[in-house]
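Build out the structure end to end from the sequences listed, making use of the hints.
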Amino acid sequence: MGRYLIEPFDRSDRYATEQYQGATGRNWWRCDPTLRLLMRRHLGDGYAWAEPHLDRLGALMGGLVAECAEETDRNPPRLEKYDKWGRDVSQVVMPPSFHTARQALMADNFTSPAFAEQARANGADPAALGAAWTYLLDQADIGMGCALGTGGDMVVSLAEKHAPPDVRDRVREIFANGFYSGEAAQMFTERTGGSDLAALETEAVPAGDAWLLTGFKWFASNANGSAFVVLARLPGGAVAPFLVLWERRDGSRNGVRIRRLKDKLGTRSVASAEVELAGAEAFLLAGEGSGSGLGTMMKLTNASRLGVAMMGAGVARRALVEALCYARAREAFGRPLIEQPLMRRKLSELIVEVEAAQAMVFDGHVGPRLRLAPALIKLRTARLGVTAATDAVEVHGGNGYIEQWPVARLLRDAQVNPIWEGGDNILCLDVRRAMLKERAHLPFLDHVRALATSDLVQTRIDDLTKAIEAWSALDPATAEARLYPLAQFMADVYAAALLEHQATWGLDDTRKSLVARLYAEAHLADQGPLRGLDRPATDPFDELLAGAFSEAAG
3 MGRYLIEPFD
13 RSDRYATEQY
23 QGATGRNWWR
33 CDPTLRLLMR
43 RHLGDGYAWA
53 EPHLDRLGAL
63 MGGLVAECAE
73 ETDRNPPRLE
83 KYDKWGRDVS
93 QVVMPPSFHT
103 ARQALMADNF
113 TSPAFAEQAR
123 ANGADPAALG
133 AAWTYLLDQA
143 DIGMGCALGT
153 GGDMVVSLAE
163 KHAPPDVRDR
173 VREIFANGFY
183 SGEAAQMFTE
193 RTGGSDLAAL
203 ETEAVPAGDA
213 WLLTGFKWFA
223 SNANGSAFVV
233 LARLPGGAVA
243 PFLVLWERRD
253 GSRNGVRIRR
263 LKDKLGTRSV
273 ASAEVELAGA
283 EAFLLAGEGS
293 GSGLGTMMKL
303 TNASRLGVAM
313 MGAGVARRAL
323 VEALCYARAR
333 EAFGRPLIEQ
343 PLMRRKLSEL
353 IVEVEAAQAM
363 VFDGHVGPRL
373 RLAPALIKLR
383 TARLGVTAAT
393 DAVEVHGGNG
403 YIEQWPVARL
413 LRDAQVNPIW
423 EGGDNILCLD
433 VRRAMLKERA
443 HLPFLDHVRA
453 LATSDLVQTR
463 IDDLTKAIEA
473 WSALDPATAE
483 ARLYPLAQFM
493 ADVYAAALLE
503 HQATWGLDDT
513 RKSLVARLYA
523 EAHLADQGPL
533 RGLDRPATDP
543 FDELLAGAFS
553 EAAG
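Residue numbers (my numbering): 3 to 556.
Among the hints, erroneous ones may be present.
As the list claims (entries may be wrong) - List time: in silico DMTMM-like cross-link candidates among lysine to aspartate or glutamate, alpha-carbon distance up to 25 Å:
#1 K266 to E396
#2 K264 to D198
#3 K264 to E405
#4 K468 to D528
#5 K264 to E249
#6 K264 to E82
#7 K264 to E73
#8 K348 to E405
#9 K266 to D90
#10 K266 to E82
Unchecked claim - Across the chosen pairs, the derived CB separations fall in these ranges:
#11 D265 to D15: 39 to 45 Å
#12 A109 to R484: 47 to 53 Å
#13 L431 to E162: 27 to 33 Å
Think of the hints as simulated: they come from the structure by calculation, not from any bench.
The structure displayed is predicted, hence computed values, not measured ones.
Here a beta-carbon is modelled for each residue, glycine too, at the ideal position from N, C-alpha and C.
Right, here's the structure in full:
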């Protein structure tokens, strides 16, 4: 019985609070057969060693971390701008719930160097385990995922190559617990925009083997970090990345001022701020010729895009679980929602789309390093996070629009994923750059051909090849305008081929074949003049559900 007063109008238990358990309080490893399938495949002989760790992680993410995410959303970070003498301290104060969650995550960090070494010693792939860790975290709180992961690999990689020895040693100390420890931030975006580097106004002037930066960054996430990658303009006009720390070499406070924290729609567990650089000591993260560091940084940005893509997939998975849990408990027209034909159709489609997104993000993290993959995966999964959260709100009806229920926050949080690390148009421009400058579509097409097993998907890969050839012959303006449908076509065949390949693993081949067929029919098949209404009547929901969600709790 719940801890609430029984009112005279409570004539039945249909509104009993305890009947409406959503995702929070469940073990997210145990209730996710699709994740367990992926880990059995990618970990191989190391699965037996890894499984207890994953089980413990599932309980942590579905319990403490999920609970803290709700509390932090209600009590977001605040800025203490000045000390008692009126001096600028620009201190970001994170709520206790954030520190509680972060401490627990760092104590069980699958991305740390120590855990990776232990995994390798036991025959388990650290990349696969790191992907599972972030996938489960992103179901709880993509803001925390951003706070922990923003730019850490970029800071360390560039500092190792280009920073002076004493600064490099300091960076190593800061990131002793690995890239995913919440110590980094990226400061790219200015009031003129984030993607147009030609409009960037922050300036750098030399000062010995260091530089001094002056400018204003409009949207810097994880402003309470310790090390920042900052884009600034060199005296000759070129743009280059710089490393900025909170303290100068001599230990004094650096010229970094936080003007204010952003009052954001969502992702409140990551402190995003407007940051002024007032003669801030910085170190050029580039070698001879200003372009080298920027080029390396852009490659690392593709890795960051995979991180945002994982956030989209995580939100979509959480939205699916919340929708399934609510549909089972809620009754309308004399029976549970989950028994209603239209609801079963919606949930069936959501299961298929979430598993396609899951296949894409894990291929991006543990599969071959395809130049086109990050942009295509983010294009699909970041948008799915929004639509899946919207579906979950709709399944909940009016309750979904209320902040006491979990799906309102999911929708607010999901809205940022299509923006972070480049919106749809920027991703499409990157697809064009990769095809024209690197011929990146050729290994991509080879990859999907090797995965696909059905005549339908193989035929559509042939069609995609022809579409790319036709697109290449268009005038530049028309070609740019048609990048979006071309990129969507690529994402469709990519996901369809991955799902078909999963069906050959011998782990859940019958059900995965069903998922692959439904996805291909929805995205690649000719629906005919009747839009598929004349197809034989089928209801695959029960089989889809059995392999997508189990009731395991605690």
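Indices of hints not satisfied (ascending):
As far as the earlier hints go, not one is violated by this structure.
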